[in-house]
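Enquirer: The working numbering puts the first residue of the sequence shown at 13, with every later residue one more than the last.
Bear in mind the hints are in silico, worked out from the structure with no lab data behind them. A hint or two may mislead.
Taking lysine-lysine pairs in the DSS-like style, the calculated list, with each CA pair at most 25 Å apart, reads [what the hints assert, rightly or not]:
{"#": "1", "residue 1": "104", "residue 2": "94"}
{"#": "2", "residue 1": "23", "residue 2": "70"}
{"#": "3", "residue 1": "54", "residue 2": "66"}
{"#": "4", "residue 1": "70", "residue 2": "54"}
{"#": "5", "residue 1": "94", "residue 2": "70"}
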Amino acid sequence: MSFDPSGIIGKSSALQDVFRILTRVAPSDSTVLVTGESGTGKELLVRALHRNSKRADKPFVPINCGAIPRELLESELFGHEKGAFTHAIRTKI
Numbered sequence: 013m014s015f016d017p018s019g020i021i022g023k024s025s026a027l028q029d030v031f032r033i034l035t036r037v038a039p040s041d042s043t044v045l046v047t048g049e050s051g052t053g054k055e056l057l058v059r060a061l062h063r064n065s066k067r068a069d070k071p072f073v074p075i076n077c078g079a080i081p082r083e084l085l086e087s088e089l090f091g092h093e094k095g096a097f098t099h100a101i102r103t104k105i
């Protein structure tokens, strides 16, 4: 599979390393969490990853994890069972 980095401009060795990683990850069925400083192009990269993946025909849902309190992050991303913690009044998938 050839990775199409449309919309991403750059030729640095670091960016080429990122493209190599994305080329390996795109055909997999793995969930990916991308972290980094604000303004570094994380969403641009994951949009390219999504566009090149088997899930390209499915919705792309970016989540700003920095806006979710640390205590709730796991529950928001992966769901929880009713009663798993104090305010878990129903199962959330």
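Enquirer: So if I understand the rule, the pair passes when the alpha-carbon distance is 25 Å or less; does residue 104 with residue 94 pass?
Expert: holds (8 Å)
Enquirer: Residue 23 and residue 70: Cα distance at most 25 Å?
Expert: Cα-Cα ~30 Å, so violated.
Enquirer: Taking only the CA atoms, is the gap from residue 54 to residue 66 under or equal to 25 Å?
Expert: holds (20 Å)
Enquirer: CA of residue 70 to CA of residue 54, is that 25 Å or under?
Expert: Judged against 25 Å, a Cα distance of about 19 Å means the pair holds.
Enquirer: Take the C-alpha atoms of residue 94 and residue 70, compute the straight-line distance between them, and say whether it is at most 25 Å.
Expert: Since the Cα atoms of residue 94 and residue 70 sit roughly 29 Å apart, the hinted pair is violated (cutoff 25 Å).
Against the hints set out earlier in the document, violations occur for numbers 2, 5.
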